[in-house]
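Could you build all of it, start to finish, from the sequences and the hints given here?
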Amino acid sequence: MNDTEFQAMRQAVIDGDADAAEAAAKAAIAAGIPPLTAIDEGFMVGMKEVGAGFAAGDLFLPDMMLAARAMQRALGVLEPELKASAIERTVAGRVVIGTVAGDIHEIGKNLVGMLLSTSGFEVHDLGVNVAPERFVAATREHRADIVGLSALLTTTMTGQRTVIAALTEAGLRPPVKVMVGGAPVTGSWANEIGADGYSEDAMGAVELAKRLMGAKDRAGAAGAVGTAAEGAAR
Amino acid sequence: MPRETPRETPRETPRWDRLDPATAARLEEAAVGILARTGVQIPVPEALALLRDAGAAVDGSRARIPERLVLWALDTAPKEIVLHDRTGQPALRLAGRNHFFGTGSDCLNVLDHRTGERRRATTADLREGLALADALPNIDFVMSMFLPADVDQTLADRYQAAELLARTRKPIVLVTYDLAGMLDGLEMAEIVAGGRAAHAERPQLGVYINVTRGLLFNEDSVRKLLVCAERGVPALWIPVTSGGTTGPITLAGTIAINSAGILAGVVIAQLAREGAPVVVPAFGGDSLDLRTMVDPYAGPEPKGVAASLAHRWGLPMFSLGAGSDSKTVDEQSAAEAGMTMLADALAGGHLIHDCGYLESGLTGSLVQLAICDELAGWINALVRPVDVSDEALALDLVEAHGVDGSYLETDHTFTHYRERWYPTLIDRRGYEGWRAGGATTMAQRAADRVEELLASHTPTPLPPDVESVVRAVVERVQAAAGL
Numbered sequence: 001m002n003d004t005e006f007q008a009m010r011q012a013v014i015d016g017d018a019d020a021a022e023a024a025a026k027a028a029i030a031a032g033i034p035p036l037t038a039i040d041e042g043f044m045v046g047m048k049e050v051g052a053g054f055a056a057g058d059l060f061l062p063d064m065m066l067a068a069r070a071m072q073r074a075l076g077v078l079e080p081e082l083k084a085s086a087i088e089r090t091v092a093g094r095v096v097i098g099t100v101a102g103d104i105h106e107i108g109k110n111l112v113g114m115l116l117s118t119s120g121f122e123v124h125d126l127g128v129n130v131a132p133e134r135f136v137a138a139t140r141e142h143r144a145d146i147v148g149l150s151a152l153l154t155t156t157m158t159g160q161r162t163v164i165a166a167l168t169e170a171g172l173r174p175p176v177k178v179m180v181g182g183a184p185v186t187g188s189w190a191n192e193i194g195a196d197g198y199s200e201d202a203m204g205a206v207e208l209a210k211r212l213m214g215a216k217d218r219a220g221a222a223g224a225v226g227t228a229a230e231g232a233a234r
Numbered sequence: 001m002p003r004e005t006p007r008e009t010p011r012e013t014p015r016w017d018r019l020d021p022a023t024a025a026r027l028e029e030a031a032v033g034i035l036a037r038t039g040v041q042i043p044v045p046e047a048l049a050l051l052r053d054a055g056a057a058v059d060g061s062r063a064r065i066p067e068r069l070v071l072w073a074l075d076t077a078p079k080e081i082v083l084h085d086r087t088g089q090p091a092l093r094l095a096g097r098n099h100f101f102g103t104g105s106d107c108l109n110v111l112d113h114r115t116g117e118r119r120r121a122t123t124a125d126l127r128e129g130l131a132l133a134d135a136l137p138n139i140d141f142v143m144s145m146f147l148p149a150d151v152d153q154t155l156a157d158r159y160q161a162a163e164l165l166a167r168t169r170k171p172i173v174l175v176t177y178d179l180a181g182m183l184d185g186l187e188m189a190e191i192v193a194g195g196r197a198a199h200a201e202r203p204q205l206g207v208y209i210n211v212t213r214g215l216l217f218n219e220d221s222v223r224k225l226l227v228c229a230e231r232g233v234p235a236l237w238i239p240v241t242s243g244g245t246t247g248p249i250t251l252a253g254t255i256a257i258n259s260a261g262i263l264a265g266v267v268i269a270q271l272a273r274e275g276a277p278v279v280v281p282a283f284g285g286d287s288l289d290l291r292t293m294v295d296p297y298a299g300p301e302p303k304g305v306a307a308s309l310a311h312r313w314g315l316p317m318f319s320l321g322a323g324s325d326s327k328t329v330d331e332q333s334a335a336e337a338g339m340t341m342l343a344d345a346l347a348g349g350h351l352i353h354d355c356g357y358l359e360s361g362l363t364g365s366l367v368q369l370a371i372c373d374e375l376a377g378w379i380n381a382l383v384r385p386v387d388v389s390d391e392a393l394a395l396d397l398v399e400a401h402g403v404d405g406s407y408l409e410t411d412h413t414f415t416h417y418r419e420r421w422y423p424t425l426i427d428r429r430g431y432e433g434w435r436a437g438g439a440t441t442m443a444q445r446a447a448d449r450v451e452e453l454l455a456s457h458t459p460t461p462l463p464p465d466v467e468s469v470v471r472a473v474v475e476r477v478q479a480a481a482g483l
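Protein chains in written order, with the numbering used here: chain A, 1 to 234; chain B, 1 to 483.
Quick caveat, the hints were computed from the structure, so don't treat them as lab data. Each hint should be verified, as a subset may be incorrect.
[What the hints assert, rightly or not] Under 8 Å between C-beta atoms, here's a sample of chain B residues computed to sit facing chain A:
(1) 61
(2) 62
(3) 108
(4) 147
(5) 290
(6) 293
Don't be surprised by glycine CBs; every beta carbon is placed ideally from N, CA and C.
Written out as structure tokens, the structure reads:
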């Protein structure tokens, strides 16, 4: 494996340079590097570094957004190659997110969706002012592992409790996990309403989602027959 | 204390203007242009009808407002609003280069100075906070300070309104969730004032209206504005544009959008009723901190910009000074409060709120409020005009004294020494005296002062018959909510 090429992939993401990312992705293909390897050992490495810098307060949100854009451009080149070789990129998990009914705030939710997506999750963003029934329907339709609920107002955050109840009633939960967030949301609120987790910020939300997926996998593996998923990792 | 004439800081003292006339003109031109070209989205048919009838171009719920309407509205809007105390005496004249300091509202948390704990605020904290605000000499108006967690959250604003009216006689700025909350709050204020007409004539209460974006008005905000206009209640029309998210990242772009929203509100209010009292924001232009995603309260760049424009338009204004982004009472919280309060006062910011705010508005602190009170006193002394009367110059005394001798024992000194400014929390002892006194920090002294004031000051209660009618409003609302 050619180190320079992986360096170029990583750096394109760190620099937030979508053109360079596209070029590096094409160069990887031309060099015969398997697309999944390019993603996991090239571009994602850069993405993780940017994520760490942001979490440390050294980088700015626009730096993350530019990195995410570069990542998307690289994926645009590499994902068709994956399909062509019939390899499925293992998504880290499937997530449905939205802002609860009566609430139109979205910026935090959008940020979480973007970070989840660039961390390898498949994200379905339902937008704002989402009724509980829509959360339930989307969870079913997309076979979501996690539902993320955002609320910015003390007067709308009770909607998070309502969605949790609706998912339970619909028989989707368990195993679906619910995470909550938004300015007035706290850990004790999350516990009170029976959510599976809470994060104060977007980076924490990604870590939480990974943890929740880890818990699900352990729970699933406990009773499951061996699946191809473990084999597809490399 | 009842006063005969409104308390005001003298206007002769030169003030600071952040904008030179050309810059101010360009920002105004930009705002007016946005209103005419892009317009505002108003989901309230009554407001759209007013605008349409006045010649604005209305397309669905988008209204494009021509410059001549803006100029007319600025001409028509009152250039001064007088807030009164609970006894109906004039207290604060919002005009000219006056400035007054007040608390903030709705902190979710309190930094408990007795335990050091940051915890959810309760009704007990609300009551203590209001009693303290009532006691502090340099706090001129009061907002709710805390959002109590131990009451039904959909009715919390009614409890806040009742407590505000009961626990202070100072002017009040009331924040409510929705139109129903505002109507209940106004009902209570009108009861206390002795009727709707009495409150309209001598308002103790101004209504804070939160407008979610500069060009997109939430339905509630417009409905509140229309009711206030109709009743002659001072309406604080406060759009908020956040640079980088709901407005351009640049200061000028954010100000242009927010100013457009401000002007649109003034137009709607004047169309609803000519002479409707409107208070506009003297803050705005900040951007989200793009490293932490926090909306900062104490950044330097936007200070004085919106105030300068509000002065240009001659409108009563509402400033945001004193809030700190610090999580605790410390050097940062004192520095941020001091600098922002000073900037807003020098800008002539009329109502300057958020004394006592920490953590970008999420946590309130009684100790920080006491520190802000001290800083307010310092600032008020700073802007007092210099007395150059014969008595002050004391030239006869100088002549009689000659070139030496002590002034300490003169009658003139005995007569006037208490006129110099003396601090309450700021410490000026010599080192040994300070050590003997416990080697205290300002925060420690402020905490002691908070305890002293809470122990010694009882806010004047409402007359029992008035108090029971106010309580009946709260009980009625509770019953309607099935509580």
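Checked hints:
1. The criterion of a C-beta within 8 Å of any C-beta in chain A is not met by residue 61/B, whose closest approach is roughly 15 Å, and the hint is violated.
2. Checking residue 62/B against chain A by beta carbon gives a least distance of about 17 Å; that is not within 8 Å, so the hint is violated.
3. The restraint placing residue 108/B at the interface with chain A holds, with a minimum CB-CB distance near 6 Å, inside the 8 Å limit.
4. Given the 8 Å rule on beta carbons, the hint for residue 147/B holds: about 7 Å separates it from the nearest Cβ of chain A.
5. Residue-level restraint check for residue 290/B holds (minimum Cβ-Cβ distance to chain A is 4 Å; threshold 8 Å).
6. At about 6 Å, the closest approach between the beta carbon of residue 293/B and any beta carbon in chain A falls short of 8 Å, and the interface hint on this residue holds.
Consistency with the previously given hints fails for numbers 1, 2, ordered from lowest to highest.
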